[in-house]
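Order-wise, the sequence lines are chains A and B.
The first sequence begins at 207 in this note's numbering and counts up one residue at a time.
The second sequence begins at 207 in this note's numbering and counts up one residue at a time.
Check before you lean on any hint, since a few could be wrong.
Chain copies aren't distinguished; within one or between two, either way the pair holds.
[Stated by the list, open to error] In silico BS3-like pairs for lysine-lysine, Cα to Cα no more than 30 Å straight-line:
(1) 568 - 301
(2) 476 - 555
(3) 555 - 229
(4) 555 - 348
(5) 210 - 460
(6) 252 - 210
(7) 252 - 493
(8) 331 - 440
(9) 210 - 229
(10) 229 - 252
(11) 394 - 460
(12) 418 - 270
(13) 367 - 568
(14) 566 - 440
(15) 439 - 418
(16) 525 - 252
Simulated from the structure, these hints should not be mistaken for laboratory data.
Computed from a prediction, not measured in an experiment: that's the story for all the values here.
2 protein chains.
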Amino acid sequence: MASKRVYNFSAGPSMLPLECLEKAGSEITNFNNTGMSVMEMSHRSKVFTSILQETKAGLKGLMKIPDNYEILFLQGGATLQFAMVPMNLMSRTGKADYAITGNFSGLAYNEARKYGTCNTAADTKDRNHTYIPAQQELITDKDASYFYYCANNTIYGTEWKYIPETGDVPIVCDMSSNILSCPVDISKYGIIFAGAQKNMSPAGLTVVIIRKDLPGRQFDYTPVMLNYEVMIKKDSMHNTPPCYNIYMLGLVVKWIEQKGGLEAMEQLKKERSSLLYDFLDNSGLFKCPVEPDSRSGMNVVFSTGDNELDTRFVSEAEKAGFFNLKGHRSVGGMRASIYNAMPVEGVKKLVEFMKDFELKNK
Amino acid sequence: MASKRVYNFSAGPSMLPLECLEKAGSEITNFNNTGMSVMEMSHRSKVFTSILQETKAGLKGLMKIPDNYEILFLQGGATLQFAMVPMNLMSRTGKADYAITGNFSGLAYNEARKYGTCNTAADTKDRNHTYIPAQQELITDKDASYFYYCANNTIYGTEWKYIPETGDVPIVCDMSSNILSCPVDISKYGIIFAGAQKNMSPAGLTVVIIRKDLPGRQFDYTPVMLNYEVMIKKDSMHNTPPCYNIYMLGLVVKWIEQKGGLEAMEQLKKERSSLLYDFLDNSGLFKCPVEPDSRSGMNVVFSTGDNELDTRFVSEAEKAGFFNLKGHRSVGGMRASIYNAMPVEGVKKLVEFMKDFELKNK
Numbered sequence: 207m208a209s210k211r212v213y214n215f216s217a218g219p220s221m222l223p224l225e226c227l228e229k230a231g232s233e234i235t236n237f238n239n240t241g242m243s244v245m246e247m248s249h250r251s252k253v254f255t256s257i258l259q260e261t262k263a264g265l266k267g268l269m270k271i272p273d274n275y276e277i278l279f280l281q282g283g284a285t286l287q288f289a290m291v292p293m294n295l296m297s298r299t300g301k302a303d304y305a306i307t308g309n310f311s312g313l314a315y316n317e318a319r320k321y322g323t324c325n326t327a328a329d330t331k332d333r334n335h336t337y338i339p340a341q342q343e344l345i346t347d348k349d350a351s352y353f354y355y356c357a358n359n360t361i362y363g364t365e366w367k368y369i370p371e372t373g374d375v376p377i378v379c380d381m382s383s384n385i386l387s388c389p390v391d392i393s394k395y396g397i398i399f400a401g402a403q404k405n406m407s408p409a410g411l412t413v414v415i416i417r418k419d420l421p422g423r424q425f426d427y428t429p430v431m432l433n434y435e436v437m438i439k440k441d442s443m444h445n446t447p448p449c450y451n452i453y454m455l456g457l458v459v460k461w462i463e464q465k466g467g468l469e470a471m472e473q474l475k476k477e478r479s480s481l482l483y484d485f486l487d488n489s490g491l492f493k494c495p496v497e498p499d500s501r502s503g504m505n506v507v508f509s510t511g512d513n514e515l516d517t518r519f520v521s522e523a524e525k526a527g528f529f530n531l532k533g534h535r536s537v538g539g540m541r542a543s544i545y546n547a548m549p550v551e552g553v554k555k556l557v558e559f560m561k562d563f564e565l566k567n568k
Numbered sequence: 207m208a209s210k211r212v213y214n215f216s217a218g219p220s221m222l223p224l225e226c227l228e229k230a231g232s233e234i235t236n237f238n239n240t241g242m243s244v245m246e247m248s249h250r251s252k253v254f255t256s257i258l259q260e261t262k263a264g265l266k267g268l269m270k271i272p273d274n275y276e277i278l279f280l281q282g283g284a285t286l287q288f289a290m291v292p293m294n295l296m297s298r299t300g301k302a303d304y305a306i307t308g309n310f311s312g313l314a315y316n317e318a319r320k321y322g323t324c325n326t327a328a329d330t331k332d333r334n335h336t337y338i339p340a341q342q343e344l345i346t347d348k349d350a351s352y353f354y355y356c357a358n359n360t361i362y363g364t365e366w367k368y369i370p371e372t373g374d375v376p377i378v379c380d381m382s383s384n385i386l387s388c389p390v391d392i393s394k395y396g397i398i399f400a401g402a403q404k405n406m407s408p409a410g411l412t413v414v415i416i417r418k419d420l421p422g423r424q425f426d427y428t429p430v431m432l433n434y435e436v437m438i439k440k441d442s443m444h445n446t447p448p449c450y451n452i453y454m455l456g457l458v459v460k461w462i463e464q465k466g467g468l469e470a471m472e473q474l475k476k477e478r479s480s481l482l483y484d485f486l487d488n489s490g491l492f493k494c495p496v497e498p499d500s501r502s503g504m505n506v507v508f509s510t511g512d513n514e515l516d517t518r519f520v521s522e523a524e525k526a527g528f529f530n531l532k533g534h535r536s537v538g539g540m541r542a543s544i545y546n547a548m549p550v551e552g553v554k555k556l557v558e559f560m561k562d563f564e565l566k567n568k
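With the sequences and hints as input, model every part of the structure.
Printed below as a string of structure tokens:
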């Protein structure tokens, strides 16, 4: 049934571990001898409640999430968090700091301006978002309601290698594209959120990790579904949550545990990305525009500098079984997204293919 | 693999057609020879775009949706629509009419009061929501921004058998629990929305059918994800939609087409619900509290009038393979939710079981 599988370098939705898909497929009409699919279960049934609680417990263990944080399973993707964060936190002082290091932090900034004053703590568009600002370059305000940044910039291929120092100002971080790729000190954050469709689960689930003292300051007009306090109180069940995505996340969490946890994921991340960056730095044809110490371990951006050749590369790569290598339209060139589920083997084969392509096109 | 399946009378999430689950299972690691799961596809890829467009076209054909309406695939369930509707429409006149016929229309009313003046067009709590008000009982305001009602009350087992007459005031309708169960004259509505997890697809998808002239009046603070105008312009792809749920909906739409469309669904709805109501009206043990002309074809509420006996019934039914028959905590007793995917056979067997139970417990 499975037979042919391709190497899928999509930026998201992206590859899921084959073992998880196969497990899901094997029980799609009858989960654990219940006689029904997880898709068909009442979200308030004992069996689904235990799936949700196991998934939460698994994620808590994997990420070493302290007890004063809550894990929420929400909907609407990171883009809805762009509004939900200020609709709950902005009233603290009426202003917030935003570090803009790419497309999505820019969108978050634009959205947050509906709800208060947004200060630009950094903006890397001066060098086309090819770098992450250093701590001493950040302009922070000790009276900010929160400090906001995006940990990994999917489009530009950059990744923060440090957690900003903001004093007492809570940090809000969009980790959509690098969550679960390495251990993280959760205690440094106020809120971490992530759309699930890159490293966690199919699209339609947003995971939020929130320090329990932060909610309770929403505006009067904040919808009940965008009220963190309500969602904590109802344990993500104010209404029907995206049950099947939560179940799939549970399978992925178990898969990561079996592979050795986040330390193992970090090791694999280094292995995959080094294969590509080492090749790129020694290539006479391909270049990576990102400054070396800012390079993402999840999204590797590169090009030949020749649009026509780039297009040919993407097309020939696809014929050879390497899919979705076209770069985002705002950057051009190519992008290889290499999340947890991408086998090292897939990256090795891609590098071989790139070497061949280079030889033929020097 | 599938083997044992039970009759699942859950109010939602609820049964899906077995054929759709089996089809999904057969291609879960490799859709249509693409070498990837639908869960893994870029939402902007050609293959996923065609899944989305086919699902839209299928739904448009099935429901005979006129060209001046748009179909949106959103997230957050009906509960997020409770806010999204007023955040986009309330500014027309600052007030709206709400017919409260159960739990969810009450919640919608409470949410909408954050955004304007809500008038009670009807409130059926005087007789514990056991009836639907007649047209002449509705108190409507010709200056209302919109008129709101919930077409089927899952908890109380009532269903509107007519479309309210509201003059030029657009009608907004929550059809979460009876959408796709019969043909509907879409042209009478301004907005129809439905959480997918009852008659359409797994939880995590909200289908909105909206007349194209209605959006564009959102408040300044309306989040971009809750702006119908943006969602129409981006064809539900402002960010990553719940792709797998859209794919599952496409399978369900095809299944309904093959069964004979919404006329066939209506016929089956009558057949299933008549089996239960006819039995209940002649039973010496079980009673249905709902007034005959207001009874739902989707959720059949009943009880013995004795809590202890009700509990025993639910427990013995489960042992016999009839699941999730416990009524909602606010009503008590039992509830059999009999959506499109429930085979008539399942209802026949349930009635047989109820007859037996009655004989043993008179």
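Tested hints:
1. 568 - 301: So residue 568 and residue 301 fail the 30 Å test inside a copy (53 Å) and across (68 Å) alike.
2. 476 - 555: within (17 Å within a copy, 59 Å between copies)
3. 555 - 229: within (27 Å within a copy, 32 Å between copies)
4. 555 - 348: Intra 49 Å, inter 67 Å, cutoff 30 Å: neither.
5. 210 - 460: Classified as both: same-chain Cα gap 25 Å, cross-chain 26 Å, threshold 30 Å.
6. 252 - 210: Only across copies: residue 252 and residue 210 sit 19 Å apart there, 37 Å inside one copy, limit 30 Å.
7. 252 - 493: between (54 Å within a copy, 28 Å between copies)
8. 331 - 440: Intra 41 Å, inter 25 Å, cutoff 30 Å: inter-copy only.
9. 210 - 229: both (17 Å within a copy, 18 Å between copies)
10. 229 - 252: For residue 229 and residue 252, the Cα distance is within 30 Å both inside one copy (21 Å) and across copies (27 Å).
11. 394 - 460: within (25 Å within a copy, 49 Å between copies)
12. 418 - 270: Cα proximity of residue 418 and residue 270: one copy only (16 Å, versus 48 Å across).
13. 367 - 568: Neither, since 34 Å and 72 Å both go past 30 Å.
14. 566 - 440: Result: close neither inside a copy nor across copies, 60 Å intra and 40 Å inter.
15. 439 - 418: Cα proximity of residue 439 and residue 418: one copy only (10 Å, versus 37 Å across).
16. 525 - 252: between (47 Å within a copy, 16 Å between copies)
Consistency with the previously given hints fails for numbers 1, 4, 13 and 14, ordered from lowest to highest.
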